[in-house]
Structure formats: structure tokens, C-alpha cells
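Chains as they are written, first to last, in numbering that gives the first Met the number 0: chain A, 0 to 135; chain B, 0 to 135.
Just so you know, the hints here were simulated from the structure itself, not pulled from any lab data. Keep in mind the model is a prediction, meaning the values are calculated, not measured. Be a bit skeptical, because a hint or two may be false.
For chains that are exact copies, the list does not tell them apart, and a pair is met inside one copy or across any two.
[Claimed, not checked] Below, in silico cross-link-like pairs of lysine-lysine (DSS-like), each with a Cα-Cα straight-line distance of 25 Å or less:
(1) 129 - 23
(2) 7 - 44
(3) 125 - 44
(4) 7 - 69
(5) 17 - 125
(6) 125 - 69
(7) 23 - 44
(8) 17 - 69
(9) 23 - 7
(10) 7 - 125
(11) 43 - 69
(12) 43 - 129
(13) 44 - 129
(14) 129 - 69
(15) 17 - 129
(16) 7 - 17
One-letter residues, chain by chain:
2 protein chains.
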Amino acid sequence: MNDCLFCKIVNNEIPSQKIFENEKILAFLDINPINPGHVLIVPKKHCNGLLDAGEENLNALIQPVPIIAKAIMSALDYEGFNLGVNNGSAAGQIVPHLHFHIMPRRAGDGHHLFHGAPYQLGEIEKVAEKIRQQLT
Amino acid sequence: MNDCLFCKIVNNEIPSQKIFENEKILAFLDINPINPGHVLIVPKKHCNGLLDAGEENLNALIQPVPIIAKAIMSALDYEGFNLGVNNGSAAGQIVPHLHFHIMPRRAGDGHHLFHGAPYQLGEIEKVAEKIRQQLT
């Protein structure tokens, strides 16, 4: 897409610190990392997010994650990592071109992700049933 | 694995609110959701995380994400979602059986994920080079 930041990075119209690429995906450093070495993986063919990515893009994006994550951890002495995808502006997606975040982590670095609170009594069964109804 | 919480859920030894399953994966509600409808997708065959998952598990886990996420958003009137995987205790992984989080979101719900700060001058090039060296 003409005005897409990540398409411009893919097409070398905007510079980036590239880490890895193949026919279908490009991995480069996020310029606003949660920790140094935070990488973004994007499909070379534009899509907005996970809902319009298609099977081929999804496989192409997930397959290099362990390879790239291992390299980041070895290079910069990290202990773990978060994989994350923000889908939609309500979820914090800023650039509307699908991107997988690999965020390297050390214990006690201050990031607390994905921890919630229990359901109220009887609520979880109702929520599950509503979702299952959409899948049948 | 005998003592694995999610293996016990897969094997129906511990109850869960199941949302979706196929031959390779099971999706069920996280009992401590960041928002109601927060779903975990796990491979039926045990692995600890993304690094030991293998190609087949990775594809099997990523493929149903759009299907399940659409169902959650339609069922519970959400606007977006985060996909997340905590890999290693340093990254907040509590149960050592690989699980993909699908976390439905509304604008302004108070969750702020994956936003960092810029590198210092000259730092990003050095970080990129260190990672690339691990991949060659």
C-alpha cells in the first residue's frame, strides 16, 4: 500500500535495522523497544492484521519466531521473551500492517503482561457459551 | 506430562470452559482474564514453549486464532484483541505448557501493551548487528 509505513520498510523506501528475511517475511528492530532487541516481523505482502492475513501469511510469520527469538536471547543475554500481536486500534495497534512483536525479557525488568483477575461466580460459563454459539 | 496443569485440562482430568478444539489444539477460557472472554489455545501434545514447539504445533496454534478471535469479538461486542505468548518465567510464563493468549479489547479499557521508548543514538545499529551475527 502506498501510504503504509511497513510496506515502505519492506520496499526499502524507509531504512530499518533488518534482522532476518525470506521470500514472505521481513524482521527488523522496533525503534521504540520495550527492551533493546525488540523485533517486529511483518509479511511482505500487505495485510491489516490477523483477521485478513490468510493461512499462508500466518504460517510464514509464526515459523521464524523461535529462530529469531533464540538469536536475540543469545546475542543480548536475555532469559525469555514475549510474542505479541496488537490487532485493531482498541488493542494498541498503531501501524495497520500486521506485525508480530518479539520482546526479549529478563526477570524483574518491570513488564507485567497478560495477568488478569478471576471471573465472578457463574460468569465464566455464560461467557464460554456465548463464544461457542458463534462457532457453531 | 503427569504434573502439567494444561495436559490435565487436555485430558479432561481438570474441568475447563472449552471453546474450540481439533485434533491438535484445545482452546478454553483463561480463569484469570484480562477481559472476559480471554482464551488460551494449547497444543494437545505437550511442549514447554515456542522454542520446543516444532513446525506442526506452531501452524496448528496460529491457524485458529482469527476464527476464535472473531467469535469472541462477535459474542461479547469487542473491538480488537491482543495475541500474546509468554515464553519463559522471565517473560511471565506461569504454566510451562505452551499457550497462546487471545485477549479481547475495547478502546480505553486500560491495558497498555508493547509500548517502549526510543534507543539512544547509535545503539540500534549495534543491537541489530549482534543479533544478525547469531543468525549467520
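Task: Homomeric proximity label, residue 17 with residue 129: Cα distance no greater than 25 Å - done: Between copies, since 12 Å is at most 25 Å while 43 Å is not.
- [ ] Have a look at residue 44 and residue 129 and pick one of within, between, both or neither, based on CA distance no larger than 25 Å.
- [x] The answer is neither: 34 Å in one copy and 28 Å across copies each exceed 25 Å.
Open item on the list: As a check of your reading, is residue 23 near residue 44 (CA-CA no more than 25 Å) within one copy, between copies, both or neither?
Closed with: within (7 Å within a copy, 28 Å between copies)
Open item on the list: One pair to classify: residue 7 and residue 125, alpha carbons no more than 25 Å apart. Within, between, both, or neither?
Closed with: Between copies only: 23 Å across chains, 45 Å inside a chain, cut-off 25 Å.
Task: Up to 25 Å CA-CA - residue 69 versus residue 129, copy category - done: between (39 Å within a copy, 12 Å between copies)
- [ ] State whether the alpha carbon distance between residue 7 and residue 44 is at most 25 Å within one copy, between copies, both, or neither.
- [x] within (11 Å within a copy, 40 Å between copies)
Task: Within, between, both or neither, where residue 17 and residue 69 count as close if Cα-Cα is 25 Å or less - done: within (16 Å within a copy, 32 Å between copies)
Task: 25 Å Cα threshold - placement of residue 125 relative to residue 17 - done: between (46 Å within a copy, 12 Å between copies)
Task: Alpha-carbon proximity context of residue 7 and residue 69, limit 25 Å - done: Classified as neither; 27 Å inside a copy, 29 Å across copies.
Open item on the list: Regarding residue 23 and residue 7, is the shortest C-alpha distance of 25 Å or less found within a copy, between copies, in both, or in neither?
Closed with: within (15 Å within a copy, 37 Å between copies)
- [ ] Indicate which option fits the pair residue 43, residue 69 if close means a Cα-Cα distance not exceeding 25 Å: within, between, both or neither.
- [x] Both: 22 Å inside a chain and 24 Å across chains, each within 25 Å.
TODO: Could you place residue 129 and residue 23 in one of the four classes (within, between, both, neither) given a Cα distance threshold of 25 Å?
DONE: between (36 Å within a copy, 23 Å between copies)
Hints 3, 4, 13, counting from the list given before, are not met by this structure.
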